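Peer 1: Below, each chain spelled out in residue letters.
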Amino acid sequence: MTLMSAGHIVALAHQTWRELLRERLVSGALLASVVILLIAIPLGGLSLGQDGRILADLGFASLEVTSVLLVIVAGAQMLPREWERRTSFLVLSKPVSRTSFLLGKAFGLLAMGTLLVCIQAVILLALLALRGLEIGPLLGQLPLVLLQTMVAASLAVGFSAFASTPVTLLATLALYVTGHNLDSLQGLAAQLPWPSKTLLSAIGHLLPDFSLLDLKNRIIHGQRLTPELALAAVIHGVSWCVLALSTGILAFHRREA
Amino acid sequence: MKPDLSPGLALLAAAFMAVSTHVLATGHLAEDPARDYRPLPARYAKLLATDFDALWADMAWLAFLQHDGAVMAMEESERRFGDMEAGLVTVTTLDPDYLAAYTFGSWALGDADRPRAAQGLLERGLAHRPGDRQLLYQLGFVRFLLLRDPDGAIRAFTAAAAPGARPQDHGIVRNAMKMAAGLAERRNDPDLAGRLWRAIAEDARRRGDERLAGVARRALERLRRERASVTAPARSDR
Amino acid sequence: MPEGEAAIVSELVLEASGLSKTYAAQIGQPARHALVDLDLIIRPGETFGLLGPNGAGKTTSQKLFLGLARPTRGTIRVFGQSPENPDVRNRIGYLPENPYFYQHLTGEEFLRFCGGLFNLPRHVVDARTDQLLVQVRMQEARKAQLKKYSKGMLQRVGIAQALINDPELVLLDEPMSGLDPVGRHEFRELILDLKRQGKTIFFNSHILSDVAEICDRVGILVEGRLAAEAAVDDLKRQGRDLETLFMETVRAPKAVAATA
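Chains as they are written, first to last, in this note's numbering: chain P, 1 to 257; chain X, 1 to 238; chain C, 1 to 260.
It should be emphasised that the hints constitute simulated quantities derived from the structure, not laboratory data.
Just so it is clear, the structure is predicted and the values come from calculations on it, not from any experiment.
Warning: the hint list may mix true and false statements.
Computed list of lysine to aspartate or glutamate pairs in EDC-like fashion (alpha-carbon distance at most 20 Å, straight line) [said to hold, decoys possible]: (1) K151(C) to E174(C); (2) K147(C) to E23(P); (3) K143(C) to E23(P); (4) K46(X) to D209(P); (5) K46(X) to D183(P); (6) K148(C) to E23(P); (7) K195(C) to D216(C); (8) K151(C) to D183(P); (9) K151(C) to D126(C); (10) K147(C) to D183(P); (11) K178(X) to D191(X); (12) K195(C) to E223(C).
Examples of chain X residues toward chain P, derived with CB under 8 Å [unchecked claim]: (13) L62; (14) T93; (15) W107; (16) D111; (17) A112; (18) D113; (19) L145.
For every residue, glycine included, the Cβ atom is placed at its ideal position computed from N, Cα and C.
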């Protein structure tokens with residue numbers, strides 16, 4: 001029995017990519033990002049010599065938020081819409097395994113997220129270079145944003161394999177926000193009595209650590225992406241992608257038309 | 001059939017209320033910058049920042065600058081500064097490396113006649129960035145000009161001029177040394193003043209800065225003359 | 001299994017035995033028995049029409065044949081294998097009811113995409129796409145996005161995608177619904193053409209005249225049970241028409257004996 005086929009995954013990823021492009025979701029996200037950058041320029045002028053910093057901070061924040069939100073919104077709708085519109089019947093009536101179907105959709109979304117990160121990064125870095133900022137040290141944040149986007153996309157697709165669009169949206173956004181606040185969660189756990197303390201602390205360790213995939217607060221002060229940090233981030237990010245997609249695949253195999 | 005005008009009237013009334021409350025708010029309620037400026041307490045800001053700390057620090061900084069600018073644009077007698085410290089603490093909690101918030105913030109607190117708060121802000125920065133020359137240099141000015149503490153200022157300027165500076169800090173080191181030397185001279189500490197002016201002269205000669213070398217030479221000459229005038233009567237006593 | 005029996009089994013295109021599907025109860029809705037103890041055999045080259053009122057279980061049976069849903073009880077073999085095995089579906093073409101395809105694709109892109117899902121070589125997909133677009137008279141609209149297609153055009157491109165892999169078994173779910181008389185006539189001709197090519201065709205419908213004209217054998221589903229099964233030629237020989245059989249079966253399903 002064929003579990004997975006590279007040909008099917010590529011065909012489905014290509015179809016998903018084309019669907020996202022033609023739905024203007026990506027151009028909408030890009031437009032939002034450019035508007036934010038255009039706001040950052042006059043805002044920087046009010047900052048008493050901090051214009052480069054404000055452009056970088058706002059630019060990296062909008063790069064991350066637009067990319068992550070795009071993949072969460074698109075990913076949350078992806079599989080529920082396939083069921084609702086019965087396009088999944090069409091694909092799954094062909095010799096396509098459910099694993100290939102889910103991975104094809106996920107990879108199409110990941111490719112779109114990557115494109116969005118790259119286009120925004122080029123615009124942002126060009127603007128920063130024009131402002132005379134040294135962009136070399138800032139580059140380390142880009143692969144990390146890409147990893148965050150991939151983890152968010154995988155979580156959204158994974159949840160959408162068994163949950164409705166609103167539930168997927170809420171769950172993925174909650175994981176993204178909590179994953180950026182694990183320090184606060186551990187701080188809160190430390191103040192609680194046993195066994196809540198141990199339970200909350202354990203939960204904190206079982207969630208995706210988005211802060212590990214984030215340098216934007218320190219990069220403006222010259223912190224670089226060290227090989228150790230990069231390795232830890234890649235292992236953590238890829239593990240979560242695999243975990244989310246595997247869960248999605250298992251759930252998707254149980255789903256019936 | 002007579003058209004039902006009630007939805008249209010309701011819409012007009014609602015639009016009038018919305019616009020008039022906005023006009024009233026901007027015309028009257030917003031006249032007092034101190035009341036308008038209510039920075040989010042640092043601990044909540046940090047909790048809500050969700051790893052966008054640097055961005056929220058920027059936003060808190062811009063809000064602080066807007067508030068400070070609005071206050072400074074008012075007649076001196078009408079100025080109400082509000083809780084500026086809280087705003088600066090929020091900025092520097094979100095980004096403890098926000099240098100402009102410490103340096104400009106300490107001047108702004110000085111303008112608000114809160115020199116102790118200015119000193120506290122810089123010491124808070126130094127706790128996070130020990131030995132930061134820019135912060136020490138600024139602390140020297142705050143102690144000298146706002147707190148009238150020349151000895152404290154000398155200590156801060158001397159620390160700012162400590163050996164081992166990176167090339168980008170050489171300007172601060174030179175200025176801090178001049179400030180420390182000048183203050184030491186005024187405080188009748190000729191040993192320290194002499195040591196500092198000699199170092200300044202040597203550095204100026206090395207860099208070919210004739211003007212500064214001349215200033216340092218004249219200062220050393222002045223010190224020598226003062227020392228001579230102090231020691232001469234003692235010799236005649238013998 | 002004796003050798004002769006194995007040979008007969010391997011000849012069968014589709015075999016359902018005691019096939020039942022019950023959808024579990026949900027809040028405010030009791031459990032629903034969509035299909036109850038369906039026994040059915042489809043032989044190669046046969047055209048089988050499954051009739052029944054709305055909600056009788058026709059679409060559910062096709063979903064079970066394709067592995068899109070799992071039976072609660074019973075077994076299904078398609079070409080001797082479980083339909084959950086994706087490889088089996090290489091030999092099947094399927095047109096869903098009210099097809100809602102990827103609207104952003106053009107007709108041509110859609111057929112190429114479907115061809116890609118059969119892992120066919122690119123040149124084969126291209127050649128089949130061109131041929132099928134001509135066959136279903138969609139060559140002029142090939143570059144238009146599916147969202148601009150009429151219902152009839154969608155149905156035609158739908159049958160084209162069902163044939164992209166040159167399947168041995170074609171499953172059609174209500175292929176005539178929503179078509180105008182001209183569209184229905186064209187579609188009927190297309191199915192008859194497939195029949196002449198020796199394809200095995202299984203289709204659901206509630207349009208009796210089409211079924212009578214196209215099918216070799218019919219089954220009538222009522223409330224999830226196969227209440228009657230008959231060969232169209234036998235009915236003609238007996239001087240009975242399909243409409244009478246259908247109405248008798250639907251009105252009193254238990255009273256009508258299955259006639260094969």
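Peer 1: Hint by hint, note whether the structure agrees.
Peer 2: Results of checking the hints against the structure:
1. With a CA separation close to 13 Å, the supplied pair K151(C) and E174(C) stays within the 20 Å bound.
2. For the hint linking K147(C) to E23(P), the alpha-carbon distance of about 12 Å falls within 20 Å, and the restraint holds.
3. In summary, the hint linking K143(C) to E23(P) is supported, as the alpha carbons are separated by about 18 Å, within the 20 Å threshold.
4. Of the pairs offered as hints, the one joining K46(X) and D209(P) holds, with about 17 Å between alpha carbons and a cut-off of 20 Å not exceeded.
5. Our distance criterion of 20 Å between C-alpha atoms is met by K46(X) and D183(P), whose separation comes to about 11 Å.
6. Taking the CA atoms of K148(C) and E23(P), the gap is near 15 Å; set against the 20 Å cutoff, the hint holds.
7. With a C-alpha separation of about 10 Å, the suggested pair K195(C) and D216(C) falls inside the 20 Å cut-off, and the hint holds.
8. Between K151(C) and D183(P) the alpha-carbon distance is near 56 Å, which puts this suggested pair outside the 20 Å criterion.
9. Between the alpha carbons of K151(C) and D126(C) the distance comes to roughly 25 Å, so the proposed pair goes past 20 Å and is violated.
10. Restraint check for K147(C) and D183(P): the C-alpha separation of about 49 Å exceeds 20 Å, so the hint is violated.
11. With a C-alpha separation of about 15 Å, the suggested pair K178(X) and D191(X) falls inside the 20 Å cut-off, and the hint holds.
12. A distance of roughly 29 Å separates the Cα atoms of K195(C) and E223(C); the hinted pair therefore is violated under the 20 Å criterion.
13. Of the supplied interface hints, the one on L62(X) holds, with its beta-carbon coming within about 6 Å of a beta-carbon of chain P, less than 8 Å.
14. Hint on T93(X) is violated. Least Cβ distance to chain P is approximately 12 Å, over the 8 Å limit.
15. For the restraint placing W107(X) at the interface with chain P, the shortest Cβ-Cβ distance is roughly 11 Å, beyond the 8 Å limit, so the hint is violated.
16. A distance limit of 8 Å between C-beta atoms decides the matter here; for D111(X) the minimum to chain P is near 14 Å, and the interface restraint is violated.
17. Taking 8 Å as the C-beta contact cut-off toward chain P, the hint placing A112(X) at the interface is violated, the least distance being around 17 Å.
18. Contact between D113(X) and chain P, as hinted, is not supported at the beta carbon level, the nearest pair being about 21 Å apart and thus beyond 8 Å.
19. Interface hint at L145(X): violated, since its Cβ lies 20 Å from the closest Cβ of chain P, which is beyond the 8 Å cut-off.
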